[in-house]
Amino acid sequence: MSNFYSDNPDLTATLRRLDLARIVRLREDDYRQAGDFAYAPKDFEDTLDSYERTLAIVGDIAGEFVEPRAEDVDRAGSELVDGEVEYAPGITESLERLKQADLMGITLPRKYGGLNFPISVSVMIVEMVSRADPALMNIFGLQDISETVNKFADEAMKAAYLPRFASGEVTGSMALTEPEAGSDLQNVQLKAIEQPDGTWRLSGVKRFITNGNGRISLVLARSEEGTTDARGLSMFLYERDEHMRIRRLEDKLGIHGSPTCELQFDDAPALLVGERRRGLTTYVMSLMNGARLAIAAQAQGIAEAAYRAAAKYAQERVQFGAPIGELTAVRAMLADMKVSLEAARALLYETALIVDMKDVLEHRIAQITTPGADAGGPSAAGPESGAGELKALRAELKQYTRLAALFTPLAKACCTEMANTVAYESLQIHGGSGYMRDFAVERHSRDARITNIYEGTTQLQVVAAIGGVLGGTLAARLDEYDAEDFGATPELLARVRDARTRLAAAIARVRELDDVRYRDFHSRRLVEMAIDVSCGYLLLRAAQDDARKLLAARYFVDAMAARVEGAASRVLTGEPAMLDALSALGRD
Amino acid sequence: MPFDSRLRRGLSPITFAAGGTFLVPYRFRYLRRWEALTDMPQLRIVVLVKQVPDTANVTGDAMKEDGTVNRAALPAVFNPEDLNALEEALRLKDRHGARVTVVTMGPPAAVQVLRESLYRGADEVILLTDKAFAGADTLATSYALSLAVRKLGGCDLVLCGRQAIDGDTAQVGPQTAEKIGYPQITCVSRIDELVAPADGAHGAITATRSIEGGFETLTSSLPCLLTVTGEANDPRPASVKLVMTYKGIAAEAMPEYDDTYLDPESDDAEVCMLGRDGKPVCRAKVVQWDHLALEADREALGLRGSPTRVKDIESVVLAQSEARMVEPDEAGVAMLVHELIEEHILG
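These protein sequence lines are chains A and B, in that order.
Numbered by the working numbering, the letters in the first sequence go through residues 529 to 1116 in order.
Numbered by the working numbering, the letters in the second sequence go through residues 187 to 533 in order.
A portion of the hints provided could be inaccurate.
[Said to hold, decoys possible] Derived DSS-like pairs: lysine-lysine, alpha-carbon spacing no greater than 25 angstroms straight-line:
1) K570/A to K639/A
2) K433/B to K627/A
3) K639/A to K250/B
4) K433/B to K570/A
5) K627/A to K639/A
6) K250/B to K497/B
7) K627/A to K317/B
[To be verified] To give an idea of the chain A side of the interface with chain B (calculated C-beta under 10 angstroms), a few residues:
8) I585
9) I589
10) L643
Don't read these hints as lab results, they were simulated from the structure.
Since the model is a prediction, treat every value here as computed from it, not as a measurement.
Positions of the beta carbon are idealized from the N, C-alpha and C atoms, including for glycine.
All chains should be modelled from the sequences, with the hints used to inform the complete structure.
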């Protein structure tokens, strides 16, 4: 019996460690939903119990059903037959399982058939599914687009489409990328023409669309003729019909079970989501932030699988009369992997919690400002009503919006780069066998490779995060961490503080020089330092009452302090003039 | 009459299906909208299931002095082939519409297999629990189960697993069929076709059973009892929504029970509310019947009604020694026979 939840103490401890009480209370409208839905919780304890049970069910499906099919799925891939995508058999079977378990509308409101779970729990589910098969996760995880519909569409569209997502009747895709618009989405060309009846028609080509064969796609298209920038783009909901053709499937390095489609829209009927011109600036940004967190979780899952494969192999493979895992060189690799895995997980769930807080604050504010708008919840008196509540909530929302905008790219960069390193080292521990297709680690290595590319490359995550690192957002959050009780680990706290001081000095230097080129040159280093220091505090927090975590924290802080020292000194001693050589070096 | 006293008197919900309609806004105890039961689908399926000790983890104290299984020493699980039987019932429900009632006999803790059944989509669960049932062999068990099916007013289809992993007798299904007088198809690995009863016609079922050296496909009129093998399907997972709905249901201990019979997970919450589709969704207590409810002959129940006496259970480890493959052709068989004669094993 293999259960990807119960066999993973770090994950089970994560749920217990997450400070979900307020998030759940706001999300559940102070547990009023229990009056309307049989499966709604009646208090916080009941809620946590339901989360645990759900996670155990997912863990069982992932370990017993999905993972045993992953190798065949990888070999079979997807096929384009008569213009229609055929999934590998294992993908179809696993999707059916997840649907039977009612897991297709995890975060959607109950009135649409969803589970109304917080993002944090959804991220755990994604992590476990990805550990079993990251290709399946792409299709499963695209239920996320329904969350975008839920946030921005009008009630009629929500009522028409969300129940179909929640029941698992439809899968989705987000059709953003075009041949000439990858990282640079404001260059999207696909045309949307408004019809007299208020519907729209789409024409053009989308490329690299994961699960583009999905029944429903959210399509980014140019609705304002003559515009060339982001403000001319709107978001459309398109349901498959004969006006869209799947031209080809990409032949990829990894995640073979996830079909990557090139789509040709030919006067295809679609509906406008939300308001015109906000497609990229608001909706895609929200969609992408959700997707980035999901990809971070996907990477985390792959890394978990790769680490376990390495640990198992190191125990079984005997050379020089003993398992290779007893050699210090291999032991150190395994420790590095395990500790970076746990550090990344700490940052991943801290980020999920921040996003959760932002979501419930938005939910609560919407409840107060639009009475009666949400028939499923209480309209007037809420859990945190009182004078000045709205003002306080808005201030808090502002803070959490900034934090989410900073931490989401931090987590995405951290988890996906970590996953690649862990998969690389795992293959290395396997030696020659790891290079053969007999072992799963070669698959993990190929699958991990896309995670730091799609939904924004690590380089783009750095661009997204650097403002928050250099501005006050990071510092304010680190101040909050620093004020927590680290009484059990004073020396470790001192070392984390020391690293933080070095990071602060590096930030100060970059700000002082006020040289865009110098800032861009060092921004990856600064972001990595920010990740390191944040993870230091987060691991330390978890180590306060957990002896095993203390070992991990100590090991991490040791490595992190040295990394930060090196990186900070490079930022502190570097000369902007040196960068003149950059273009010359990159040329030949 | 409060709901639980009806239960104590062993009335099935169907017998008071004509009761009033209650629209329950929020957390009322003991109220149900029984009306929903009156527009029941025509097809009625009863699934017989058993909670068994997980024989994959047998230890030294697996048997008690009296030769019966020491359930306390082993983790309890849903008998695997019963889960296959439930899955077949749920698939028939998905295809034809049906009311699926799951019945188990056991101590109140056996309510766990009933919860597991609700988690997968069963409509109604019934626990046969009474000290009088304790220590039953297959004869006494099938007696009690057949009374339960009868008390339900019969049904179109009874499904059960081929055999339980604790006793491996494969007798309870066939004996139950005999006692209620239904035809039976045993060892079913596939249900080929179901013609649901309609307009006075009884309906029929066609199923394929695994027999030595092949398969046999049989058609029976309904009602009929099927015993299902593990080959039939891969049972569905629990639905998390149903888990959240039913996780709190509990079996209520009868007054004469001692505390050890109490379900440790019991929760006296009983909640009924309307789902979005207007249908009531209840977190109810399990319907529970004792020997009085079944109007059973006490002498035919439990240890008293069980002629079987287990003398001893031994742990036998089958170790495979050397093996050799023989080609399945004339020459191979001739050589094998020759060899066996040479070694005086044959002849």
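Against the structure, the hints come out as follows:
no.: 1; hint: K570/A to K639/A; verdict: 17 angstroms, holds
no.: 2; hint: K433/B to K627/A; verdict: 20 angstroms, holds
no.: 3; hint: K639/A to K250/B; verdict: 52 angstroms, violated
no.: 4; hint: K433/B to K570/A; verdict: 13 angstroms, holds
no.: 5; hint: K627/A to K639/A; verdict: 18 angstroms, holds
no.: 6; hint: K250/B to K497/B; verdict: 11 angstroms, holds
no.: 7; hint: K627/A to K317/B; verdict: 41 angstroms, violated
no.: 8; hint: I585; verdict: 6 angstroms, holds
no.: 9; hint: I589; verdict: 6 angstroms, holds
no.: 10; hint: L643; verdict: 7 angstroms, holds
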